[in-house]
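Engineer: Sequence order for the protein chains is A and B. Take the first sequence: its letters are residues 1 to 272, numbered as in our numbering. Take the second sequence: its letters are residues 273 to 545, numbered as in our numbering.
In short, the hints are calculated from the structure, not lab data. Just so you know, not all the hints are guaranteed correct.
Said to hold, decoys possible - Heads up, simulated DSS-like pairs for lysine-lysine below, C-alpha to C-alpha not over 25 Å straight-line:
(1) A/LYS272 with A/LYS245
(2) B/LYS325 with B/LYS396
(3) A/LYS70 with B/LYS344
(4) B/LYS360 with B/LYS307
(5) B/LYS304 with B/LYS541
(6) B/LYS491 with B/LYS524
(7) A/LYS39 with B/LYS307
(8) B/LYS445 with A/LYS73
(9) B/LYS401 with B/LYS541
(10) A/LYS159 with A/LYS251
(11) B/LYS395 with B/LYS452
(12) B/LYS544 with B/LYS344
(13) A/LYS73 with A/LYS107
(14) B/LYS307 with A/LYS70
(15) A/LYS130 with A/LYS210
(16) A/LYS39 with B/LYS354
(17) A/LYS245 with A/LYS159
(18) A/LYS39 with B/LYS325
(19) B/LYS541 with A/LYS50
(20) A/LYS39 with B/LYS344
(21) B/LYS294 with B/LYS304
(22) B/LYS420 with B/LYS330
(23) A/LYS251 with A/LYS137
(24) A/LYS210 with B/LYS491
(25) A/LYS55 with A/LYS39
(26) A/LYS73 with B/LYS325
(27) A/LYS114 with A/LYS159
(28) B/LYS544 with B/LYS401
(29) A/LYS159 with A/LYS169
(30) B/LYS370 with B/LYS420
(31) B/LYS304 with B/LYS445
(32) A/LYS50 with B/LYS531
(33) B/LYS491 with B/LYS370
What the hints assert, rightly or not - To give an idea of the interface, some chain B residues facing chain A are shown, with a C-beta separation under 10 Å as derived from the structure:
(34) ASP301
(35) LEU302
(36) PHE303
(37) GLY483
(38) VAL501
(39) LEU505
(40) LEU536
All of these numbers come straight from a predicted model, not from anything done at the bench. All C-beta atoms, glycine included, are put in the ideal place defined by N, C-alpha and C.
Letter by letter, the chains look like this.
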Amino acid sequence: MKIIFFFLIPLIQLFPQTDNILLSQENIRLFAEYLFSQKDYLRAFNEFDKLYEFKTNDTIIYKSAFSLIKIDKFNEADLLLNKIPKGSKLNFFSRELQNKNSFLEGKTENFEKKESISQIRLSLYSSLYKNNLIENKENFISAFQNEIQSDIQKFYERKINPEYKSPLKAALLSAIFPGAGKIYAGELGDGIAAFVATTLSGYLAYTNFKENRSFRSWLFTGITLLYYAGNIYGAAASADIFNKKIDFQFKVDLDSFIRSNNYFIETPEFVK
Amino acid sequence: MKIIFSLILISLSVFGQNVLQKQFDYAEDLFKQEKYYDAVTELLRLSFFDNEKQFEYKTNLLLGFSYREGGKLSESLFYFTKAVLSSKNIEEEIYAQKELLKIYILRRQTSQAEKILSDFENKKEHITKEEILYWKGWVAMFNDDWQKSSEYFSQIDSAEILYNLSIEVENKKYSVSFAKGISYFIPGAGQFYTGNYFSGLLSLGWNVLWGFTAVNAFKAERIFDGFAVTLFLWTRFYNGNIFNAGKFAEEKNIEIVNKAYNFLQYEFKGIKP
Numbered sequence: 001m002k003i004i005f006f007f008l009i010p011l012i013q014l015f016p017q018t019d020n021i022l023l024s025q026e027n028i029r030l031f032a033e034y035l036f037s038q039k040d041y042l043r044a045f046n047e048f049d050k051l052y053e054f055k056t057n058d059t060i061i062y063k064s065a066f067s068l069i070k071i072d073k074f075n076e077a078d079l080l081l082n083k084i085p086k087g088s089k090l091n092f093f094s095r096e097l098q099n100k101n102s103f104l105e106g107k108t109e110n111f112e113k114k115e116s117i118s119q120i121r122l123s124l125y126s127s128l129y130k131n132n133l134i135e136n137k138e139n140f141i142s143a144f145q146n147e148i149q150s151d152i153q154k155f156y157e158r159k160i161n162p163e164y165k166s167p168l169k170a171a172l173l174s175a176i177f178p179g180a181g182k183i184y185a186g187e188l189g190d191g192i193a194a195f196v197a198t199t200l201s202g203y204l205a206y207t208n209f210k211e212n213r214s215f216r217s218w219l220f221t222g223i224t225l226l227y228y229a230g231n232i233y234g235a236a237a238s239a240d241i242f243n244k245k246i247d248f249q250f251k252v253d254l255d256s257f258i259r260s261n262n263y264f265i266e267t268p269e270f271v272k
Numbered sequence: 273m274k275i276i277f278s279l280i281l282i283s284l285s286v287f288g289q290n291v292l293q294k295q296f297d298y299a300e301d302l303f304k305q306e307k308y309y310d311a312v313t314e315l316l317r318l319s320f321f322d323n324e325k326q327f328e329y330k331t332n333l334l335l336g337f338s339y340r341e342g343g344k345l346s347e348s349l350f351y352f353t354k355a356v357l358s359s360k361n362i363e364e365e366i367y368a369q370k371e372l373l374k375i376y377i378l379r380r381q382t383s384q385a386e387k388i389l390s391d392f393e394n395k396k397e398h399i400t401k402e403e404i405l406y407w408k409g410w411v412a413m414f415n416d417d418w419q420k421s422s423e424y425f426s427q428i429d430s431a432e433i434l435y436n437l438s439i440e441v442e443n444k445k446y447s448v449s450f451a452k453g454i455s456y457f458i459p460g461a462g463q464f465y466t467g468n469y470f471s472g473l474l475s476l477g478w479n480v481l482w483g484f485t486a487v488n489a490f491k492a493e494r495i496f497d498g499f500a501v502t503l504f505l506w507t508r509f510y511n512g513n514i515f516n517a518g519k520f521a522e523e524k525n526i527e528i529v530n531k532a533y534n535f536l537q538y539e540f541k542g543i544k545p
């Protein structure tokens with residue numbers, strides 16, 4: 001009996017401690033890793049955050065920062081990454097992640113030092129989003145990996161020679177031939193409709209003038225002028241909209257390409 | 273020695289269950305306080321550490337409720353489905369299936385909702401005929417079939433409010449085909465029928481103007497003029513009048529139905545999805 005009690009007492013002492021066993025350091029870490037693997041980044045970060053009460057390590061800091069970037073908290077991610085010391089095995093990867101961060105925040109001035117290949121590539125790539133390209137074609141393309149150079153070349157060429165339509169040319173074409181400007185801007189149906197509406201009302205004005213019907217002739221003349229002016233304005237506007245679609249699609253393609261290439265940065269195995 | 277070891281084993285298993293039970297109770301508390309995000313986090317934690325899957329059903333059910341309250345119906349659907357799969361007896365299964373049914377109703381996934389209801393038909397010893405008819409009525413309401421829903425609710429004594437609502441909506445709704453039909457004969461009439469008087473008058477006016485112009489042109493043997501006005505002006509306004517009549521009837525119906533849905537969401541006190 002004494003022996004039984006001797007074992008029971010320590011066991012009873014354990015019971016109050018069982019309240020927090022799921023919140024022990026190791027269990028929080030396990031749960032945080034699980035959430036990270038499930039891409040539940042906000043929850044993963046909240047759990048990693050709890051680990052700072054205990055002792056943390058570079059991998060946890062890196063994963064916390066990675067999670068923060070995934071939920072668009074770039075500044076906070078940067079602050080965390082700065083805590084990884086230079087001597088750490090993850091230091092290189094943390095710099096890479098900071099490069100990605102700078103790119104996503106649009107802070108391309110951070111790449112001016114060109115301290116790494118990823119910085120060079122991100123700096124060049126970010127110039128595709130801006131109005132002027134500085135680098136010449138060969139230098140630009142050769143900075144990237146061989147397997148993606150053909151895609152980079154296409155982006156470069158799309159940037160230098162976008163397939164824009166001139167609004168002035170569209171307006172002039174419609175002034176000469178109603179509807180032509182709209183067809184030039186890619187709006188075939190609208191162009192035909194503009195042509196039919198303008199010429200039909202013009203014809204009606206002409207026939208009514210011939211038959212000396214004063215009110216109807218001026219009515220159809222007015223309608224013709226309205227259609228004609230609208231057709232010219234519409235052609236210029238269509239060309240402008242066409243150009244904006246080109247720009248938008250270019251940006252979408254750029255975003256998609258850089259995401260599929262992991263922002264040209266290297267990441268450790270545990271996040272791949 | 274055997275007694276000591278048995279005591280240790282029992283204590284450890286009770287100790288483990290105690291922790292998980294406390295974790296579940298904590299998550300449930302968070303749910304009751306409407307802290308749904310935190311409730312989900314604690315339930316996921318419980319699920320992660322529940323290696324024996326002792327709390328699987330309850331966890332999945334509460335996750336389903338938490339996501340539903342947070343407006344995330346896809347996630348809610350996922351967890352209620354998991355609850356159905358992890359149910360240990362027919363009562364648990366039907367309870368989870370009912371919650372799944374409510375999500376399908378809210379998402380207007382009529383065919384999936386009907387599948388569950390036909391499954392219920394085979395389990396009549398566990399769910400009453402009235403309850404099945406009740407949910408069939410809700411499926412019909414969310415499917416915008418108020419005639420059908422009134423037929424279902426008419427068979428349930430306690431569903432008088434819903435029956436009256438279904439009849440009221442069905443009577444108030446405009447007939448899209450009728451609106452379009454009368455517009456074929458009298459341009460603008462369909463729009464008058466739906467209460468859009470100004471638009472109806474405008475349609476009538478344009479059709480009369482271009483019709484008069486076309487007829488005059490034909491009478492004066494200006495055949496080309498007549499064809500041109502008929503093809504490019506008169507038919508355009510005539511077709512537009514029919515299109516508008518249909519469109520306005522549909523818009524009015526949407527308003528009427530939305531009013532009914534608002535009533536169901538905010539004023540109806542009975543059981544609802």
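Engineer: None of the hints should be skipped; say for each whether it holds.
Structural biologist: Cross-check of the supplied hints:
no. : hint                   : verdict
1   : A/LYS272 with A/LYS245 : violated (34 Å)
2   : B/LYS325 with B/LYS396 : violated (30 Å)
3   : A/LYS70 with B/LYS344  : holds (20 Å)
4   : B/LYS360 with B/LYS307 : violated (28 Å)
5   : B/LYS304 with B/LYS541 : holds (20 Å)
6   : B/LYS491 with B/LYS524 : violated (41 Å)
7   : A/LYS39 with B/LYS307  : holds (22 Å)
8   : B/LYS445 with A/LYS73  : violated (50 Å)
9   : B/LYS401 with B/LYS541 : holds (21 Å)
10  : A/LYS159 with A/LYS251 : holds (10 Å)
11  : B/LYS395 with B/LYS452 : violated (46 Å)
12  : B/LYS544 with B/LYS344 : holds (18 Å)
13  : A/LYS73 with A/LYS107  : holds (14 Å)
14  : B/LYS307 with A/LYS70  : holds (24 Å)
15  : A/LYS130 with A/LYS210 : violated (58 Å)
16  : A/LYS39 with B/LYS354  : holds (20 Å)
17  : A/LYS245 with A/LYS159 : holds (14 Å)
18  : A/LYS39 with B/LYS325  : holds (23 Å)
19  : B/LYS541 with A/LYS50  : violated (43 Å)
20  : A/LYS39 with B/LYS344  : holds (17 Å)
21  : B/LYS294 with B/LYS304 : holds (15 Å)
22  : B/LYS420 with B/LYS330 : violated (35 Å)
23  : A/LYS251 with A/LYS137 : holds (19 Å)
24  : A/LYS210 with B/LYS491 : holds (18 Å)
25  : A/LYS55 with A/LYS39   : holds (24 Å)
26  : A/LYS73 with B/LYS325  : violated (36 Å)
27  : A/LYS114 with A/LYS159 : holds (23 Å)
28  : B/LYS544 with B/LYS401 : holds (17 Å)
29  : A/LYS159 with A/LYS169 : holds (21 Å)
30  : B/LYS370 with B/LYS420 : holds (21 Å)
31  : B/LYS304 with B/LYS445 : violated (40 Å)
32  : A/LYS50 with B/LYS531  : violated (48 Å)
33  : B/LYS491 with B/LYS370 : violated (71 Å)
34  : ASP301                 : violated (14 Å)
35  : LEU302                 : violated (14 Å)
36  : PHE303                 : violated (16 Å)
37  : GLY483                 : violated (16 Å)
38  : VAL501                 : holds (8 Å)
39  : LEU505                 : holds (8 Å)
40  : LEU536                 : violated (34 Å)
Of the numbered hints listed earlier, those contradicted by the structure are 1, 2, 4, 6, 8, 11, 15, 19, 22, 26, 31, 32, 33, 34, 35, 36, 37, 40.
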